[in-house]
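A.B. asks: Full structure from sequences and hints, please.
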Amino acid sequence: MTAPTVLSIEGLSIRFGGLTAVEDLTFQVREGEVLTLIGPNGAGKTSAFNAITGYIQPSAGDIVYRGECLVGMKPNQIAARGVVRTFQKTSVFSGLTMFENVLTGLHLRGKQHPLAIMLGLPSVRRDEERLRAEAWEILKLVGIEARAGEQASALPYGELRLLEVAVALAAKPTLLLLDEPVSGMNPTETADFMTLIGRIRALGITILLVEHDMKMVMGISDRIVCLNQGRIIADAPPAEIQKDPEVIRAYLGERYVRARG
Amino acid sequence: MDQLLQHAANAMIIGGTYALLGIGLTLIFGIMKVVNFTHGELYSFGAYMMYAWVMLIGADFMVSLVLAVVLGIALGALVEFVLLRRLRGADIDTTMLVMIGAWIAMQNTEQLAWSGVAKSIVSPFPADPLVLGPVSISWTRLFVFVVALVLIAATYALIQRTKLGKAMRATFQDRQAAALMGVQINSIHTATFALGSGLAAAAGALLGPVFVVYPTIGDSASLKAFAIVILGGLGSIPGATIGGFILAFAEELGAGYVSSGYRDAMGFLLIILILIFKPTGLFAQKERIG
Amino acid sequence: MTNRILSLAWVAFLISIPFWMEDLYYLHVLIVTGIFIIAAMSLNLLLGYTGQLSLGHVAFFGIGAYVSSLVSLGFEIHVLPNTTVSLDPKPVWFAMLVAVIFSGLCGWFIGRVSFKVRGAYFVIVTVSFAEVVRLVSLNWMELTQGPMALNNIPYLTLGIPEVFEVEFIGKVPCYYLVLAVAVFTYVVIRRLVQSRAGRAMIALRENEPLASSVGVDVTRVLVLATIVSAGLAGLAGALYAHYVRIVDPDVFLFIYTVTMVIMVITGGKGTLAGPIVGGLVFGIFPEVLRGFQVQPEIQWITYGVLMILIVYFLPAGIVPAIRSLLPRRLVEGGDGSVEPNATAEARS
Chain A
1 MTAPTVLSIE
11 GLSIRFGGLT
21 AVEDLTFQVR
31 EGEVLTLIGP
41 NGAGKTSAFN
51 AITGYIQPSA
61 GDIVYRGECL
71 VGMKPNQIAA
81 RGVVRTFQKT
91 SVFSGLTMFE
101 NVLTGLHLRG
111 KQHPLAIMLG
121 LPSVRRDEER
131 LRAEAWEILK
141 LVGIEARAGE
151 QASALPYGEL
161 RLLEVAVALA
171 AKPTLLLLDE
181 PVSGMNPTET
191 ADFMTLIGRI
201 RALGITILLV
211 EHDMKMVMGI
221 SDRIVCLNQG
231 RIIADAPPAE
241 IQKDPEVIRA
251 YLGERYVRAR
261 G
Chain B
1 MDQLLQHAAN
11 AMIIGGTYAL
21 LGIGLTLIFG
31 IMKVVNFTHG
41 ELYSFGAYMM
51 YAWVMLIGAD
61 FMVSLVLAVV
71 LGIALGALVE
81 FVLLRRLRGA
91 DIDTTMLVMI
101 GAWIAMQNTE
111 QLAWSGVAKS
121 IVSPFPADPL
131 VLGPVSISWT
141 RLFVFVVALV
151 LIAATYALIQ
161 RTKLGKAMRA
171 TFQDRQAAAL
181 MGVQINSIHT
191 ATFALGSGLA
201 AAAGALLGPV
211 FVVYPTIGDS
221 ASLKAFAIVI
231 LGGLGSIPGA
241 TIGGFILAFA
251 EELGAGYVSS
261 GYRDAMGFLL
271 IILILIFKPT
281 GLFAQKERIG
Chain C
1 MTNRILSLAW
11 VAFLISIPFW
21 MEDLYYLHVL
31 IVTGIFIIAA
41 MSLNLLLGYT
51 GQLSLGHVAF
61 FGIGAYVSSL
71 VSLGFEIHVL
81 PNTTVSLDPK
91 PVWFAMLVAV
101 IFSGLCGWFI
111 GRVSFKVRGA
121 YFVIVTVSFA
131 EVVRLVSLNW
141 MELTQGPMAL
151 NNIPYLTLGI
161 PEVFEVEFIG
171 KVPCYYLVLA
181 VAVFTYVVIR
191 RLVQSRAGRA
201 MIALRENEPL
211 ASSVGVDVTR
221 VLVLATIVSA
231 GLAGLAGALY
241 AHYVRIVDPD
251 VFLFIYTVTM
261 VIMVITGGKG
271 TLAGPIVGGL
281 VFGIFPEVLR
291 GFQVQPEIQW
301 ITYGVLMILI
311 VYFLPAGIVP
321 AIRSLLPRRL
331 VEGGDGSVEP
341 NATAEARS
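Protein chains in written order, with my numbering: chain A, 1 to 261; chain B, 1 to 290; chain C, 1 to 348.
Please keep in mind that the hints were generated in silico from the structure rather than gathered at the bench.
All C-beta atoms in this analysis are idealised placements derived from N, C-alpha and C, irrespective of residue type, glycine included.
There could be a bad hint or two in this list.
The calculated label-pair distances, taken between Cβ atoms and stated as ranges, are [unchecked claim]:
no., chain 1, residue 1, chain 2, residue 2, range
1, C, F285, B, L78, 24 to 34 angstroms
2, C, F285, A, A116, 33 to 43 angstroms
3, C, V183, A, G198, 48 to 58 angstroms
4, C, T219, A, L203, 25 to 35 angstroms
5, C, M21, B, A113, 31 to 41 angstroms
C.D. replies: Following this line, the structure appears as structure tokens:
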């Protein structure tokens, strides 16, 4: 219990009509850690992400980030408070180049008044130069600067997924939510991605992850929360999770054995 | 008070045809995700067909009415088949641009075919109005009202009771699931567009003899239909039905007590009020279709 | 750099036109085309960059025309039984400024109301708005003279009275005025779309959920685009009013909106040059048809059919089509993308 709690989920429930996606979910994310949500498909992980980032309204419960309640805020307001997410299905601005994607992601870091823009004031030009430099830094951090000028729709899958992370990083998160970032990647790409997570951590960004790739989950998580049918069945460090009989029964068992073998 | 009753009676009668217009448009939007700018042109097509059969050919009024609706259905099916089928999967803006193009082409074709001069259609009903206490209603209007109600009921029955209606509802709720369950999406789209167009043509054929017919009547019909559909919530059939009556009341009262020049502005006023106070429409389902 | 030279050459060519074009009628066609191009550029900001179709754009154009005319002519109206509101004639430049601001305010209102819900609402609200404004111009006789039209609208004069004044009356001065305003509009839109605000607009068009996840306030950005777009359309309308010097409710005809839309989609929505190319094509096209003595109905039918064909066969428009034919190097940086800075960084 060293680091303070930054995100606290209390009694979160999400229902669609008669269907309960998440029920009475409670967990905390601590400053600087990598926390992973695991659980079988339909366990409510993505729904929880959507609720935290304001894309759906929870039916009940509290979501508090650094002392501020996020429930009822719009996604952009939540992003402005440092909580930024990626999407499960690859989601980029596909008509733009990689560089433009990241530049667009820098929206919150720009300081340009519409009138100043239309008048063409020099402050706007300076701000643009600063943003371009920052975009370049982010591309380098993620390691995709070589193809900066290429249109996103022309990129191979692995780089698209990296671009998504770059766009999210551009929004200057203090808490980054990654929704199955390595799904569909090959083992080399996954390994690279794990080192990227290390670099992001080093920037002081807390990470909340949803992921099925157990090798990655076990390799990078400080703590794992396992959901089943909308409820938490375990909340512990990786080493303990691997031994938890309920987790193995519900979810981990077969897959993890396969991953290890 | 007497005047108010008279306005209310007028509004009820016009409201029935407005509801037809609105139901047609909301069906097409709900099921096909097409903002149908040709809707008003189908309305004026119905009115002109009525004029052609009754006044030029001299056919029986009732026969002409049926023919106008059937031809409207056929024209709707044709529009869907020629213009929309190849745009399946295109985004809503693309289909909208195509429908705007079709609207302009259709309206000007009408203008060429019928000239800009207003036409009137003679109805076979007695000229003396039906007088009920302070309210007087022409027999033609009464007939229009009854037919509109019958058509509304028939549309409900079609959607609730028939196999086609079931397939339409399934497509409305979840197109992919419906397709997986063996619903022929292509045929459903054609049927929907044809049905919606038939309803618009029916509204035109019914109101043609009440008012006069000229090429741009379709524009205000389209605008009214949009207002009705927003009022009721995009994609909601009961919403469109009630929306039709609400718009008719607003127009009748606005024209009666404010200024007749602003009759057609009432729809916009209602849209603005709805968007300010209840943006999802009066009767929208919880999960929006729009 | 090549782009800058091309633009300057193009402007120089446009400046030279009155020197060698002797038929004033053609100059008139160019002036009207130019006014429509300004309106089309403003529409492109919404339709092309945010992906929202304003199908009542002529409302902002017409409001600009009426407001500028009324402020420069002065008016007196009776609002309540005992209250009159009157305005003395004001200078034309001031009237035009009021027109721009008023149109922008209308854009703010329409955007505020219709962007609460997404989907087809904006289209429907704008198209109905245009119809209502037309009805008002037709029925509010005391203010607008209704179908009798506002006549003798003054022309624009700039400078210091009795010292040095330019009078924008007649074809040649008006041509330069329209050209100057068109360049101004182009520059404003270009600055906007290549800035943080413009990127947010494009982001909404490309991927709205992602845009809001990086902090783009959807409503705010759309309303901003609508205000600027409406204000510029109002400016085009004001220019129109002080050029033809008579305004009647026909300025609100729907077919003008259609002309703007078709100019934008033909030229290429979401490109800076698109509305200009499309505007020139559709500004000159009716004149060609006039040569063949076709009826206006045929002209409009042709427009409608062309619109459908363009959506089917040239969905991105002329400018992107040409661009994809050109070698890539020529195009880079055209709309200000990665270049100078990024490549400099890459080398270091």
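A.B. asks: Against this structure, judge whether each hint is valid.
C.D. replies: Results of checking the hints against the structure:
Here the CB-CB span from F285 (chain C) to L78 (chain B) is close to 28 angstroms, well matched to the stated 24 to 34 angstroms. The hint said 33 to 43 angstroms for the Cβ distance between F285 (chain C) and A116 (chain A), and at roughly 39 angstroms that hint holds. A hinted range of 48 to 58 angstroms for the beta carbons of V183 (chain C) and G198 (chain A) is consistent with their spacing of about 52 angstroms. For T219 (chain C) paired with L203 (chain A), a C-beta distance near 31 angstroms keeps the hint of 25 to 35 angstroms intact.
Here the CB-CB span from M21 (chain C) to A113 (chain B) is close to 40 angstroms, well matched to the stated 31 to 41 angstroms.
In the structure shown, no violation is registered for any of the earlier numbered hints.
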